[in-house]
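2 protein chains.
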Amino acid sequence: MMTRKITVIASVFIIFLLTFSVSAQTSSWSEVAPGVWKMSVGTPDKLDLFRAADIKPALNALSKLGTAAFPLPPERITAQTGNGTTRLSFPLEKEEKIFGFGLNFKTVYQRGRILQLHVDHYGGTDNGRTHAPVPFYITDRGYGVFINSSRYLTVYAGTGVRKDSPDAPGERDRNTDDNWTAQPYSDAVEILVPTSGVEVYVFAGPSMLDAVRRFNLYSGGGCLPPRWGLGFTQRVPRLYTSAQVVNEAKLFEEHGFPLDFIGLEPGWQSRSYPCTLEWDTSRFPDPLAFIRIMKEMGIRLNLWTNPYISSKSSIYEKILPFTGSHTVWGGVVPDLTLPGAVEIITDQIDKSQVSIGISGYKIDESDGYDRWLWPDVAQFPSGNSAEQIRQTYGLLLQKITTDLFHRKNQRTFGLTRSSNGGGSSFPYVIYNDYYSHEDFITALINSGFAGVLWTPEVRSSKTGEEWLRRFQTVCFSPMAMINAWSSGTRPWSFPEVEKEVKEYALLRMQLIPYLYSEFAKYHFEGTPPFRGMNLEPGFNFRSKQVIKNSDLGEDPYGEAIVKEIRDQYMTGEYLLVAPLFTGQTTREVILPEGRWFDFYTGNYAGDGEIIKVTPGLGKIPVFVKDGAIIPMMKPVLHSTSAGQKFDLEIRYYGSAPGFYRLYDDDGETFDYEQGLYSWRDIHVMPDKKGKIKGTISKSEKGKPDNIGEVAWRFMTVN
Amino acid sequence: MMTRKITVIASVFIIFLLTFSVSAQTSSWSEVAPGVWKMSVGTPDKLDLFRAADIKPALNALSKLGTAAFPLPPERITAQTGNGTTRLSFPLEKEEKIFGFGLNFKTVYQRGRILQLHVDHYGGTDNGRTHAPVPFYITDRGYGVFINSSRYLTVYAGTGVRKDSPDAPGERDRNTDDNWTAQPYSDAVEILVPTSGVEVYVFAGPSMLDAVRRFNLYSGGGCLPPRWGLGFTQRVPRLYTSAQVVNEAKLFEEHGFPLDFIGLEPGWQSRSYPCTLEWDTSRFPDPLAFIRIMKEMGIRLNLWTNPYISSKSSIYEKILPFTGSHTVWGGVVPDLTLPGAVEIITDQIDKSQVSIGISGYKIDESDGYDRWLWPDVAQFPSGNSAEQIRQTYGLLLQKITTDLFHRKNQRTFGLTRSSNGGGSSFPYVIYNDYYSHEDFITALINSGFAGVLWTPEVRSSKTGEEWLRRFQTVCFSPMAMINAWSSGTRPWSFPEVEKEVKEYALLRMQLIPYLYSEFAKYHFEGTPPFRGMNLEPGFNFRSKQVIKNSDLGEDPYGEAIVKEIRDQYMTGEYLLVAPLFTGQTTREVILPEGRWFDFYTGNYAGDGEIIKVTPGLGKIPVFVKDGAIIPMMKPVLHSTSAGQKFDLEIRYYGSAPGFYRLYDDDGETFDYEQGLYSWRDIHVMPDKKGKIKGTISKSEKGKPDNIGEVAWRFMTVN
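Those protein sequence lines, which keep their order, are chains P and S. Every position in the first sequence, counted from 1, becomes a number in our numbering once 57 is added. Every position in the second sequence, counted from 1, becomes a number in our numbering once 57 is added.
In case anyone wonders, no lab produced these hints; they're calculated from the structure. Hints may contain errors.
Unchecked claim - Below, a list of computed lysine-lysine pairs in the DSS-like style, where the Cα atoms sit at most 25 Å apart:
hint, chain 1, residue 1, chain 2, residue 2
1, P, 559, P, 352
2, S, 375, P, 220
3, S, 220, P, 369
4, S, 375, P, 375
Generate coordinates for the entire structure from the input sequences, incorporating the hints supplied.
If you want it as C-alpha cells, here you go:
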C-alpha cells in the first residue's frame, strides 16, 4: 500500500517531467581537455562507459595536440529529456561522411543507417549489435562525438527529417517524379538514450585522425603491448594436456616457426561453460612446473575463460551474494560493478594463475547471444540494470586483469570478446566466431575508428590458398594468431604453402620494431596502429551512389547502396596493406595522393590512382609511402626480452626526405610510466655530395637502449 | 535552473523506485469476463493496444464459452517494476509449446526464442519485427497471455534461467559432457516492458483454440466482411486512368473471370508518398461517374493510400498542428491519438471518396522500415512517445475507416500494412512486399494465433507453375487477390495455366457460403477462419530436435533447430489445405486423427497419418473431415448482393453424422448488429431406411433468407 502511494506520487513527477526539456546551449559545453568538450544532460546514469572503463585522460598528450575551436554550431546541437528518454540531435552538412559507431563488419560509411548499439555476438548484419558497439562517430569534417552511456542507444545517422529542419529536402510526387527517393536527405544525427539523462562529449580535429587521437587519449591512450605480444601466438585444441602443449612448442621449434605465446582453451579448467577458474589436475597435474618448462622454451601462456562461475568452483559460495538473478549455462553471473565481486575473481586468478607465471587471458562470451546471456529482465545486486551490465561487461572484465598485471608491473596482451567506449587503454584484442575473411578486414578498418583492436584470426581453411591468404592478413594485424581450439591446425597444416606461410610468420617478427613503435604512438599519441584509408591524408576516393534495382516488383523503393572501400588498410604510418581473398588472383588498389612504392621491391607503384595488381599466391600486396622508413630486425623465433639487444635493418623507400621516430623501452614492464623509454629519430636524406644517407639518434642517458648494429637498406633505386 | 531542480527531486524519487517492486498475487487478478483475467502492474501507459483499438468486448459471446478456473499457478506469475521498466515472468512446464507473438513468417513454435516486438516491415528474420507483433501467446496447455502495451516489448519465450528457478537445469561441464547445451532448459516466459507499468490479461481454454476465441471475442470478435469482400479482387497498375480501370473490368468479363472489387494504387491521388487524399483529375476527371459505371458492372473500388500528408493537400494547413516533429517522405505525420487529427482525415476521405461510393481502402506504409518512418526521437503533440505511436498506428488507421463505414451502415473489407493486439474486429487483411510463397503460408498459420488476417497475395511470377501455385493458395485465404500495381499481371497472364487458374477463381466464388459462415463464426464466436494445424484437435505431431551441425569450427555451439509444420493449414471448420510450391510435384500431408477425405473426389485419404500426395499441377491438395458439410453456390462472376437469392449445393463427405451451421444476412450492412441474421442448421444422416439424407432448417421469421434451391451432393461413395 505504502509503496503503491509512492508510485503514484513519483508518477506524477514523471508526468510532469514529460513537459520538461532542455535545448543545449554553448554554455552547456565545458572544455574538459584541449579540444575535448563535455555536456551533461538531465540526470545521467551513475554507471556509464567512461566510469566502467575507469579512464584516466592523458591530459599532457592532449595538450600536445593543441587547442581548437568547438567544431560544430552549438545552437544546432539539441538535447531533450522527458518520457523517460533523452533525445539528442547533432547537425550534418550536405555530403558529410560519417564513420564509426563501433566494430561493424560490412560497412564503413554509416550515414543513412540506423543502429541499435547493443553488445552482442556479431550476427551477420551491421545493425548495431556487435562486440564493441562504441557510441562514437567521426565525420570527414574533422570532429568526433561520443555518447557516454551504458544503455542500448538507437542511432539515426542521418535518416530522420524534422518538419522544422533548415535543410528539409521537401517532398516529391512519387506518381510522376523519377527523382523521388525512399530516403530523403537528412541533416542530423539523432540519438535516443532510453533514460532521463546522459553525458555527451565532442572531440575536435582538425583532421578526422586528430579527433580519433583525442578520443583515444581522453580514454587514457591506446594500450602498449609487451614486445612478445607482437610475436606469433598459437591456440591449442581445447582438451590438450600440459605434455601436448610442451610438444606443440617443440614442433614449432623443429619447423622453424616463430612462437611467443600459446593459448590454452577451456580444457585447462576443471570445468568450463560455466567455469571454475581452477586448473584441471588430470590434464595439468603441475601447472607451476609446466609454466616453467614453457618459459625456458621462450613461450608464455595465455588462458581462455568465461566469466560465469560454476557451483564446483572454490569461489562459488563467496561470490554468490555478488551475482545476478539469472544464470548463464548454469553458472552465476558476477556483478562486476561491485568491488567485492572484482576482488574475489582477482584473488582467484592471481593465486591460481598469474602469481605462478601466466601471462594473459582470453576472455570469452562476455558479449552474447541474447539467448545465452542473462536476459534484460535480470537484476543485479548493485541495482544497475541488466542492460547496463551487458553494455559494460567487456570493459569491466578487461579492467580486472589489466589492473592485476599492472600492479605486478608486468605487461599483458590478450583477447576479449567484447569491449566498448573508453577501453582503448586495455591491452586486449577483440575476436569472434564469424570467420568471413572479407568482413574481418572491414572490422580491422572500423576498429581504427572505435578505439579498439581486432584480429582476423586464422582457424581452419578449406584450401591452402585460403589458409595462406588468411595468414598473410593476420600477420598485418594487432595479433598474429592461429586459433586451433577446434581445428587442431598449425602454420604448416597446408604443406603446399608452408614455405609462403613461414615467410610471413618471419616477416611479422622482422616488423616488430616498426609495429612496436606504432603501438607506442597509439599509447602516447592516440594514433590507431591499424586503420582505414579514410583516415589517410590524400585519400579522396568519392563514394558512388549505385541504384540496386529498378524493378519495382522486386525492390519497390529502388534504394541506393554506397560503394565503400573496405578491402585495404594502413598498418602504422607507412604501410598500405591490400589483401587478396580466396579465388582472387588480381585486385585493384587505391593509392592515395603522393608517390607510393612496392614494399618488397621498392619499385614505384603509383600516385593518387587506382592500380591493378597480380601479386601471385605467395604475396600480399603492401605499399609504402614516399620517404617511408621501416625499422626491421632479423627474423627471430621468439621476440627479444627485456635488455636483450637486437640489430636493426632500416629500410627506406622513395626519394623524399625520410623521418621516423623509433620507440624503445624494456618491452615488458610499466617502467615507461616512470619515463624509462626513449624515442630515437631516424633521418634519411642526401648528404652534401647528393649521396643518400641515414642517421639514427642515440637514446637519452639512463634510458633503455636495445639497439645493436644498424644496417641501412635503400629500397628504391633512383 | 528551476527545471533542473525538478529533475533532481524527481530523480531522487526514481532512484527510490528502483528498490520498489511488486510480486503478483492471485488477488491481483480480476476476472473481467468469463475466463478472462486482468492484472494491472505499476502505472500503465494511458495509450495501450486495447485503448488504441477501442475494443468492445463481446461479453455475451464470452459467457457462452463458459467459465473456467485461472489456468496458471498465480504464485508463479511475477511482476516487478523499477528502474523505469516492468519485468514480467510466467511459468512454463516441461515440453509446453508456445505459439503466437504475432505475424511470424518462418517459425510456428516460439519456445526458446527471443523477440523484440516492434511494428515494422518484415525483414526476413522472425525477431519480433513484423507487421503485427501482437504481444499475445498461447500454449498447448490451453491458455493465452496478452500484454496490453504500446511499447517495444522484449520477450524471452523460455530462454532465461533464474538462479532461484524451481526447475533450474543445473550445469554441465562442456569439457567432458556431450550433453552440454548452449541453451539450457528454461521454465519461464519473461517479458521486459520498457516503462513503469502495464496491464496483463490471461485467457482460459480449455483448448488452445478456446483461448484464441476468448482473446478475439474480448477484442470485440473477429470482423465480418461483406459478402463481396470474399469474392475476387484485382489491383491495377499504379498510374491507370479511370478509362483503363473500366477496360480492366471489361476484360475480366470477357475472359469469364470473377471480379468483385478493383484496387486503385497511388495514381488515383494527385500526389503520393506523401499523399493528398485527393483525386488526380488528369487520370480521374470524374470520379463520381467512374464509380457509378463500375458499380453498374458489379465492381466496387478500393483505394490505396498512406497516412503521410502532402503540403499540396487541401487538409495540410488544418492538420499541421496535429502532426509530429518529423516528416515521412516530406509529408507530415498525423498524431492519430488526437481526435482533431482523426476528424480532419475522416472528413476528407468521406467528402472526397466514401460519400461518392468508394467501398474500402488499402492502408500502406503504416509499419516501417525505421529508415522511412519517423524515428523514435520524434515527438507528437499528444505527448505519446514515437514508440507508442509506431506500435498503435496500424490500429488507429484501421479504426478511422472502420468507424466511418460503420456510421454509414455499410461494411467494408480492405488491406492494411500493420495491425496489433485488439484489432481482430477491424475488417482489414495484412499484406506485405516480402513475397516468399512458403513463408506466406507460415504467416497465414500464425495469423490465426494473433487475431489478425493475412493474404498471400499474388503479384507476378517467373513461371506459369509459380503463378498457378500462388493463385491456388490465395483462393484459400481471407482475400483472393492479384496485386498488379507494378507487374500489370492478370489472372490469365500465363495462358498455359489460364484454365486451371480460372477453375480456382470460380471455386473461390462457389465456396462463399462456406467462407462467409466461417467468418460469421470468427465474428460471433472468435474462431479464426484460417488457422494452423496446432489448433486442430487430434493433431499430435511431435516436434523433432535436429542438430544443425556438429562441426565445432563452423557451429561452435551445435544449436538445435526444431522441425515445424508450416506448410498446411485449416480453412474454416472442415477444410485442410496443403499447398505445393514451385518445383514440388509431391509432398507429405499430416492428417490429424479422425478419417479424412479428398475434397475433389470424396475418396478416403487417411486417418491420423502422414500421407504422400502427387496432385498434379492443376490441383492444390485439400482434405475434408469425416462428416463435413460444405455449403457451396454456383460459380458466379460477382458475389450476390443484398436480398439476391442464390442456390446452394451442399457437399457432404465421409459417413459420420454431419452438422453445419450456415450463416445468412444481407451481406452488406451492419443490420446484423440489430439481430437481422439467421443461423440455419444443416444435418446429414441416414434416414430410417438407412438412406443418407440431408436437411436444412428454415430461417427465422423476419430474418434475411437468401437461400434459393438446395441440391445435395454426397461426395463419398461407401
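Hint by hint, here is what the structure shows:
Between residue 559 of chain P and residue 352 of chain P the CA atoms are separated by roughly 23 Å; this keeps the pair inside 25 Å, and the hint holds. Restraint check: the Cα-Cα separation between residue 375 of chain S and residue 220 of chain P comes to about 15 Å, which is no more than 25 Å; the hinted pair holds. Only pairs whose Cα atoms come within 25 Å are accepted, and residue 220 of chain S paired with residue 369 of chain P is accepted, the gap being roughly 15 Å. With a CA separation close to 67 Å, the supplied pair residue 375 of chain S and residue 375 of chain P exceeds the 25 Å bound.
Comparing the model with each numbered hint stated earlier shows that hint 4 is the single one that does not hold.
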